[in-house]
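Number of protein chains: 2
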Amino acid sequence: MDVLSTVDVVVGYSTYIDLIHPLVDGKEILRTGMTREVERVEAAIGHALDGKLCAIVSSGDPGIYAMAGLVFETCKIKDISVASTGSNNMAPGDPEALQIEVVPGIPALCAGAALLGAPLTHDFAAISLSDLLTPWELIEQRIEAAARADFVIVLYNPKSKKRTWQLEKAQKILLKYRDKHTPVGIVARAMREQQDVHVVSLENLRTVDVDMQTTVFIGSSASSRYREFMVTPRGYSKKYEI
Amino acid sequence: MDVLSTVDVVVGYSTYIDLIHPLVDGKEILRTGMTREVERVEAAIGHALDGKLCAIVSSGDPGIYAMAGLVFETCKIKDISVASTGSNNMAPGDPEALQIEVVPGIPALCAGAALLGAPLTHDFAAISLSDLLTPWELIEQRIEAAARADFVIVLYNPKSKKRTWQLEKAQKILLKYRDKHTPVGIVARAMREQQDVHVVSLENLRTVDVDMQTTVFIGSSASSRYREFMVTPRGYSKKYEI
Numbered sequence: 001m002d003v004l005s006t007v008d009v010v011v012g013y014s015t016y017i018d019l020i021h022p023l024v025d026g027k028e029i030l031r032t033g034m035t036r037e038v039e040r041v042e043a044a045i046g047h048a049l050d051g052k053l054c055a056i057v058s059s060g061d062p063g064i065y066a067m068a069g070l071v072f073e074t075c076k077i078k079d080i081s082v083a084s085t086g087s088n089n090m091a092p093g094d095p096e097a098l099q100i101e102v103v104p105g106i107p108a109l110c111a112g113a114a115l116l117g118a119p120l121t122h123d124f125a126a127i128s129l130s131d132l133l134t135p136w137e138l139i140e141q142r143i144e145a146a147a148r149a150d151f152v153i154v155l156y157n158p159k160s161k162k163r164t165w166q167l168e169k170a171q172k173i174l175l176k177y178r179d180k181h182t183p184v185g186i187v188a189r190a191m192r193e194q195q196d197v198h199v200v201s202l203e204n205l206r207t208v209d210v211d212m213q214t215t216v217f218i219g220s221s222a223s224s225r226y227r228e229f230m231v232t233p234r235g236y237s238k239k240y241e242i
Numbered sequence: 001m002d003v004l005s006t007v008d009v010v011v012g013y014s015t016y017i018d019l020i021h022p023l024v025d026g027k028e029i030l031r032t033g034m035t036r037e038v039e040r041v042e043a044a045i046g047h048a049l050d051g052k053l054c055a056i057v058s059s060g061d062p063g064i065y066a067m068a069g070l071v072f073e074t075c076k077i078k079d080i081s082v083a084s085t086g087s088n089n090m091a092p093g094d095p096e097a098l099q100i101e102v103v104p105g106i107p108a109l110c111a112g113a114a115l116l117g118a119p120l121t122h123d124f125a126a127i128s129l130s131d132l133l134t135p136w137e138l139i140e141q142r143i144e145a146a147a148r149a150d151f152v153i154v155l156y157n158p159k160s161k162k163r164t165w166q167l168e169k170a171q172k173i174l175l176k177y178r179d180k181h182t183p184v185g186i187v188a189r190a191m192r193e194q195q196d197v198h199v200v201s202l203e204n205l206r207t208v209d210v211d212m213q214t215t216v217f218i219g220s221s222a223s224s225r226y227r228e229f230m231v232t233p234r235g236y237s238k239k240y241e242i
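Chains A and B, in that order, are what the protein sequence lines are.
Under my numbering, the first sequence has 206 at position 206, and the numbering climbs by one with no breaks.
Under my numbering, the second sequence has 37 at position 37, and the numbering climbs by one with no breaks.
Honestly, the hints are just simulated from the structure, not real lab data.
Just so you know, not all the hints are guaranteed correct.
[What the hints assert, rightly or not] Below, simulated DSS-like cross-link-like pairs (lysine-lysine); rule was C-alpha separation at most 30 Å, straight line:
hint : chain 1 : residue 1 : chain 2 : residue 2
1    : A       : Lys-78    : B       : Lys-172
2    : B       : Lys-172   : A       : Lys-239
3    : A       : Lys-238   : B       : Lys-172
No experiment lies behind these values; they were computed from the predicted model shown.
Construct the entire structure; sequences and hints are all you get.
This is the structure we're talking about:
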């Protein structure tokens, strides 16, 4: 919020601009639809190179399946010199360079976990099921590896209108390594309107429960339900008397 | 902060209580040292069962290698009935039960990633190198699996005064699968005093650079350095003209 109050231009996906509207009233606003990320980032960099202070907004944390990577990816391809704003203490870059600051946020994996209880208290892997930019073979290989090594697994982008079969395929791989009663937490729109939270067993994971705004938490072999919650113990009870 | 202002009792590790001291002045405060987590949680639950509003504070996010899991683990072992405060919309539990709300935060993996640039923009795995509560064989298996499947890997608790060899062992495993020039981001005390951020190559990762307050980010095969930053692309440039 502090950053938003200082900038001249705010760039973002329309839905997110609507969510923060009261905070950005009176600013120059550039909003575009889904899949227009490249266009948004190029426009933002253009404004910044013109000397304007420009913020690109994402939901959750900008570094997790969000816009921070694309900003750097674009600058690198276009050979635009970049430097940190000095908020970190790495070696200072070119003072003439485009200054970039990434402001961290609360990612969907933390917001969702908090609503479910404590599903992530041990090692976990985050995997996006979107094969728009990543070959499905690599996604499958990662699901397989994470399942075999007993990570809790957080699935982002489990399903969209056009991508409908990926979650079922993931479930099949997971059932090779995990008990069918493994708890699976399903969180849609965490901390937003129409929030939806429930826990099912791996065998009952139905794709009907999820959409693009849903995050899916697959328990490890140590995860369990306790009352309405989903919990992965850190392991204290093995070592200490509780 | 809103939650802290409403509670009667605040329980936490001494270092974290010091960090938030201005916010909790005048409250009943229970602070204990490292490795006293079980004691802290039991005390907090005791206060809550006595009818007091009680907050347990962690740094970062309470659900990632922090205290949320131990609260549920303890209630389960002691068969204390628990229910959510209604901030989520799962089926309501026993109204007589201990009400628990987990308040999400910004985890070290997001704070550190923001300082490094964008190392986590693709799939990643979080692994703690602490073998106090987890057998080293399982940790090693997870490093191996995550390395083979080309995840970015975030290592928590890489080293302490007593645990000195784990990071070097992890590095050896990683070098079997990753190029020796793979960028590794090292962030200590992100956004706190004495913050320290730097990027080295995997072959030059020295345990001397790290301590208990350090998070280590191992790049995937797609990660690279750009100027002072560490970046893992999402893959837009493969599909779109940038």
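Here is how each hint holds up against the structure:
no. : hint                       : in the structure
1   : Lys-78(A) with Lys-172(B)  : violated (36 Å)
2   : Lys-172(B) with Lys-239(A) : holds (29 Å)
3   : Lys-238(A) with Lys-172(B) : holds (29 Å)
Violated hints amount to a single one, hint 1; each of the other numbered hints is respected by the structure.
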